[in-house]
Amino acid sequence: MKNVMGIILSGGKSTKLKELSTMRSTLAVPVGGKYRAVDFVLSNMVNSGITNVGVITQYSFRSLMDHLGSGKEWDLDRKTDGLFIFPPFLSDENSGWYRGTADAMYNNLTFLKRSNEEYVVISQGNCVYTTTFDKLLEAHKETDADITIMYREMNDIPVEELTNMGILQVDSTQRVIDFQEKPLNPNSILGSLGTYIIKRELLISLLEESVAHGYYDFVMDIIIKMLNKLKIYGYKYNGYWRSISSVQMYYKCNMELLNPAINKELLGSAKVFTKVKDEAPAKYNEEAEVKNSIIADGCIIEGKVENSVLFRGVTVKRGAVVKDSIIMQGSVVEENSTLNYAILDKNVTLSKNRCLKGEETWPIIIGKNVIV
Amino acid sequence: MIKKEIIALLLAGGQGSRLGVLTKNVAKPAVLYGGKYRIIDFSLSNCTNSGIDTVGVLTQYQPLKLNSHIGIGKPWDMDRIDGGVTILSPYLKAEIGEWFKGTANAVYQNIHYIDKYSPRYVIILSGDHVYKMNYSKMLDFHKENNADATISVINVPYEEASRYGIMNCHENGKIYEFEEKPRNPKSTLASMGVYIFNWDILREYLIKDNETPGSDNDFGKNVIPAMLNDGKSMWAYQFSGYWKDVGTIQSFWESNMDLVSRVPEFNLYDPEWRIYTPNPVKPAHYIGLNACVKKSIVAEGCEVLGTVINSVLFPGAVVEEGAYIEDSIIMSNSIVKRNTSVKKCIISEWVTIAENCRLGEGEDIPNEYKPGIYNSGITVVGEEARIPAGAVIGKNVMIDIGANEEDFTTLTVESGKSVFKGGVRE
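Just so you know, the sequences run in chain order A and B. Counting in my numbering, the first sequence runs from 627 upward without gaps. Counting in my numbering, the second sequence runs from 784 upward without gaps.
Misleading hints may appear alongside valid ones.
Just a sample of chain A residues kept apart from chain B, beta carbon distances all over 12 angstroms, derived [as the list claims (entries may be wrong)]:
id, residue
1, N918
2, V947
3, N979
4, G984
Pairs of lysine to any residue residues, derived as SDA-like cross-links and limited to a Cα-Cα distance of at most 25 angstroms, are as follows [claimed, not checked]:
id, chain 1, residue 1, chain 2, residue 2
5, A, K943, B, P940
6, B, K1027, B, P940
7, A, K917, B, K1078
8, A, K903, B, D860
9, A, K897, B, K1065
10, A, K901, B, S970
11, B, K957, B, G1014
12, A, K903, B, P1047
13, B, K1015, B, K1027
14, A, K917, B, R1121
15, A, K903, B, D1041
16, A, K890, B, R1121
None of these hints come from the bench; they were simulated from the model. Here a beta-carbon is modelled for each residue, glycine too, at the ideal position from N, C-alpha and C.
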């Protein structure tokens, strides 16, 4: 896919992720033991042969910048093209704040104009799935569409989550006949993946037109408004897909990775690239009892771990019991402590003999660098 | 070219013949170690961590894997504009083409590479050892003593001293005598094969050594004694810490096993002294519902559904349900299928061991084919071998690289026997 460039969007400020996204962009939320959410979409693009990618950021992007760096790990540190990061900026014409996804792209129109690929894949960066976009492009060409939206049957996602999504309806030719953004009462279970393909020149003119009229959102102001004017088609994706849109979905997604079938589908054949940390392999001591868990490099385990996801460099000491939990990089569970349905952010220390317990539907979150 | 204060020459041409099938296709420095690394990573990472950014790696024996492992030195931060890592292989010259004859000759043949940087000091390293050492401290010591050469030494047990090059020094560390593998050692300070020289002096001695007929062109045997004879200022820098020459099957196995002890003497988890290596693009590993993992180290991309005790698993190793691994090393991407047990074995990369096998059981009889190599009860399986379902394999067995179902004439391979690829002995 030499003729396609990529744009990764980071959506609005998510309050539904609570403490997990107060200090970081939703794109930088850690997932699956060693990844950040954005790794999936970025790797999908790289695995599709896309070598010109712009990442648009808005809120708390320090950790995201830190993670992406020069794009080395994704093989995007190139002389021509490569990885570009676009935080909001101040100038004569703009306020230093993106007023919406279309405004964000419009503010970086130079990037689009300077590129010479014929197509652009636009994608939300907080979604966990592995694919390549070749078939999307094929479908897009076949239907001769102006915009093609990737969607999927959201039958494995709780109904209340559908209200956070774009819900669409297609006719028998896959043409999109209705699109509702975050509807209170969804009229279908076909959800948009927030991934679109469109010709670069068309995107430029749509953005210019929209912003000139004072409309700033790609979905609300371009897709929905243009539903009848443009040929907007759907492309159905059937694989595993999760959006890290709320604490519940975050927890669900991480726990689902413990299912070998899902794990294999997501990570079995596709290569997901991420920033490497050069940790030594995980070490299990004599008392370790680990079942049904994902454990990253650099962990040292002497306690009991069940149904949990442990990120890099986590220490679980003797007598500690960790169940149904997610523990991020560098956290320590001291001796004889117990953890149930909990999410520990980075560098949390759970002191000796403590006990933290959440509920499956409401996991307890401990913010970064906290000592409990 | 920017003048460098010190550059490193890393000797990575050793065959390591006592590692048997593990070094049949690769040089010893490229042998996998510690759940993720290759042996050479330790010397290279020591350079990075000591602030040495220019390293010439001298290769000779089976360099293919080593070359692709090192690449342009990215993992060690050695993809530099000035310096960085350079692979130096033997090459044809106008009149003659020749292999590196000895360690000193290998450096001699690359004098022009060193001259290019005109360094004040040169550090000579060996890619065969597993250790963490700050070379900049050794350089400080070298400068303090106004030395012409400094040799790093480590205290070894008296019984083992006769296996090493022994330095006899005055109390302040000045060397007055060097003995190569002495029968009655006068001291227990063994040379670690880490030398710092003033480049102008070393250069002179390398040329002299090359002109000496009958010389083995070896640092330990020829160059160091010659310098001592001439009364050069030579000092012993005492290193304490973990240092292993993983030169035999047994020491290789033991050194890997050292890593699984509760507080290993050799700590790989020190954030101040990381060991770098190309990272595989693999997810965090998965431990299954009925799995049991104790006293082991497990790398990324592994899938453990069975039992793993006292073992080292490299990236992408798979242990299926009901399989039992004990006291073993399973290298990258190897699969141990259902209900197979593996005890005290070294399994190389990309090996498949089918269902219901038993490996490493029986009497401890040395290998008939190479008793000098396979004699410590450890069975070794070469790369890409495929072991058929139901096989029973004893101790000290050698399974050749790429041996497959057809090469097994019987499902029982008794202790001390070997299975060769295509039934042929080389």
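Structure-based check of each hint:
1. Some Cβ of chain B comes within 12 angstroms of the Cβ of A:N918; the nearest lies about 5 angstroms off, and the non-interface call is violated.
2. In this structure A:V947 is separated from chain B by more than 12 angstroms, as the shortest Cβ-Cβ distance comes to about 15 angstroms.
3. The Cβ of A:N979 sits about 22 angstroms from the closest Cβ of chain B, beyond the 12 angstroms cut-off, so the non-interface label holds.
4. A:G984, annotated as away from the interface, keeps every beta carbon of chain B farther than 12 angstroms; the closest lies near 22 angstroms.
5. Distance restraint check for A:K943 and B:P940: the Cα-Cα separation of roughly 35 angstroms exceeds the 25 angstroms cut-off, and the hinted pair is therefore not satisfied.
6. Of the pairs offered as hints, the one joining B:K1027 and B:P940 holds, with about 13 angstroms between alpha carbons and a cut-off of 25 angstroms not exceeded.
7. The suggested pairing of A:K917 with B:K1078 holds, with an alpha-carbon distance near 15 angstroms, which does not exceed 25 angstroms.
8. Distance check on the hinted pair: A:K903 and B:D860 sit about 13 angstroms apart at the alpha-carbon level, within 25 angstroms; holds.
9. Restraint check: the Cα-Cα separation between A:K897 and B:K1065 comes to about 7 angstroms, which is no more than 25 angstroms; the hinted pair holds.
10. Our distance criterion of 25 angstroms between C-alpha atoms is broken by A:K901 and B:S970, whose separation comes to about 48 angstroms.
11. At roughly 11 angstroms between alpha-carbon atoms, B:K957 and B:G1014 fall within 25 angstroms of each other, so this suggested pair holds.
12. Our distance criterion of 25 angstroms between C-alpha atoms is met by A:K903 and B:P1047, whose separation comes to about 21 angstroms.
13. A distance of roughly 29 angstroms separates the Cα atoms of B:K1015 and B:K1027; the hinted pair therefore is violated under the 25 angstroms criterion.
14. At roughly 18 angstroms between alpha-carbon atoms, A:K917 and B:R1121 fall within 25 angstroms of each other, so this suggested pair holds.
15. Distance restraint check for A:K903 and B:D1041: the Cα-Cα separation of roughly 23 angstroms lies within the 25 angstroms cut-off, and the hinted pair is therefore satisfied.
16. Of the pairs offered as hints, the one joining A:K890 and B:R1121 holds, with about 19 angstroms between alpha carbons and a cut-off of 25 angstroms not exceeded.
Of the hints listed earlier, those the structure fails to meet are numbers 1, 5, 10 and 13, in rising order.
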